[in-house]
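Visitor: Sequence order for the protein chains is D and L. Reading the first sequence from the start, the letters are residues 1 to 111 in our numbering. Reading the second sequence from the start, the letters are residues 1 to 115 in our numbering.
These are calculated hints, taken from the structure and not from any lab test. Bear in mind the structure is a predicted one, so any value in this text is a computation, not a measurement. Even for Gly, the Cβ is constructed at its ideal location relative to N, Cα and C. One or more hints might be untrue.
Now the stretches of chain L that chain D is said to cover, found in silico as 3 or more residues with beta-carbon under 8 Å [as the list claims (entries may be wrong)]:
no. : region
1   : 42–52
2   : 104–110
Computed list of chain L residues with no C-beta within reach of chain D, every gap over 12 Å [to be verified]:
no. : residue
3   : 4
4   : 7
5   : 12
6   : 19
7   : 20
8   : 24
9   : 65
10  : 70
11  : 81
12  : 88
13  : 94
Chain residues, written in single-letter form:
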Amino acid sequence: GQNIDQPTEMTATEGAIVQINCTYQTSGFNGLFWYQQHAGEAPTFLSYNVLDGLEEKGRFSSFLSRSKGYSYLLLKELQMKDSASYLCAVSPQYNFNKFYFGSGTKLNVKP
Amino acid sequence: DSGVTQTPKHLITATGQRVTLRCSPRSGDLSVYWYQQSLDQGLQFLIQYYNGEERAKGNILERFSAQQFPDLHSELNLSSLELGDSALYFCASSPSGTSGGYEQYFGPGTRLTVT
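Okay, chain L solo, but in the shape it has when bound:
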């Protein structure tokens, strides 16, 4: 158990819908990262927040957005869902705002299925 929690574990929804994925980082960690993992694309970095502020952006679609709240939990919002958005979404946390040597602790993931 990494100490990172994600809810829900599974989510099934229809195309065009909007969903929210939730992540609580390890106690004391200020950084939250979001990743998408699909079978054909591997693990793709989406976005990083540090202490409430966006720090880095990866291959995140405009239909997706995220935020980190004062209690440090984070939410990833996915809208106008398409079949291709079906994937495993991971949240990870680390104590640092920079990547220098700090490992990331991954949550168990949310499996999103868009039908």
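So that you can see chain D by itself, here it is in the shape it has in the complex:
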């Protein structure tokens, strides 16, 4: 089966750094995606990792360790608008797009 775990909720302070973890167990692996979803809105793409290592994109970075089945999303210089849910998604097989999403981590940014 497919199993993707993320913390349910996190709280951080404006201007700080926060790390949101995601662990997965899937049959095969074709990549890991992070999406941001504000309440009542559609998810929007943040990052994609398929090889081990860190991918940096502005204030957001995403890390992957395939051997450990582990990823994290790092958000720097937190802003109030970063308050949202962050969804980790795994594509378990190439050519078959069965995406599996974690339940999401709700991030609350406080002043």
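Given the coordinates of chain D, work out where chain L should sit on it, guided by the hints.
Guide: Okay, now just chain L, sitting in the frame of chain D:
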């Protein structure tokens, strides 16, 4: 605005009824994905179509069906509706038929309420 459109935005119907949700992908995208998001289950992948053909199936109930038409728009049909089908239904599109590195662009969703 992702470029993906979904209609209707809201839908309220009774148990046992049948509804159709519609999705138009971004211009040029050949793949359409359908997802269900409920409060207790997160985002669940239902089905994917690529250029008119079914490519992948997720946790889609037998009461649900989908198709993608020659103009690439897609419809998700939900029948014999139950209270538990109340959820937000998202459509997403991507240019590729495979998942390799291509982000999905999500539409605004259709909120279905079954009473």
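Visitor: If a hint holds in the structure, say so; if it does not, say that too.
Guide: Results for each hint:
no., hint, result
1, 42–52, "holds (count 5)"
2, 104–110, "holds (count 6)"
3, 4, "8 Å, violated"
4, 7, "14 Å, holds"
5, 12, "17 Å, holds"
6, 19, "20 Å, holds"
7, 20, "20 Å, holds"
8, 24, "14 Å, holds"
9, 65, "18 Å, holds"
10, 70, "21 Å, holds"
11, 81, "22 Å, holds"
12, 88, "8 Å, violated"
13, 94, "8 Å, violated"
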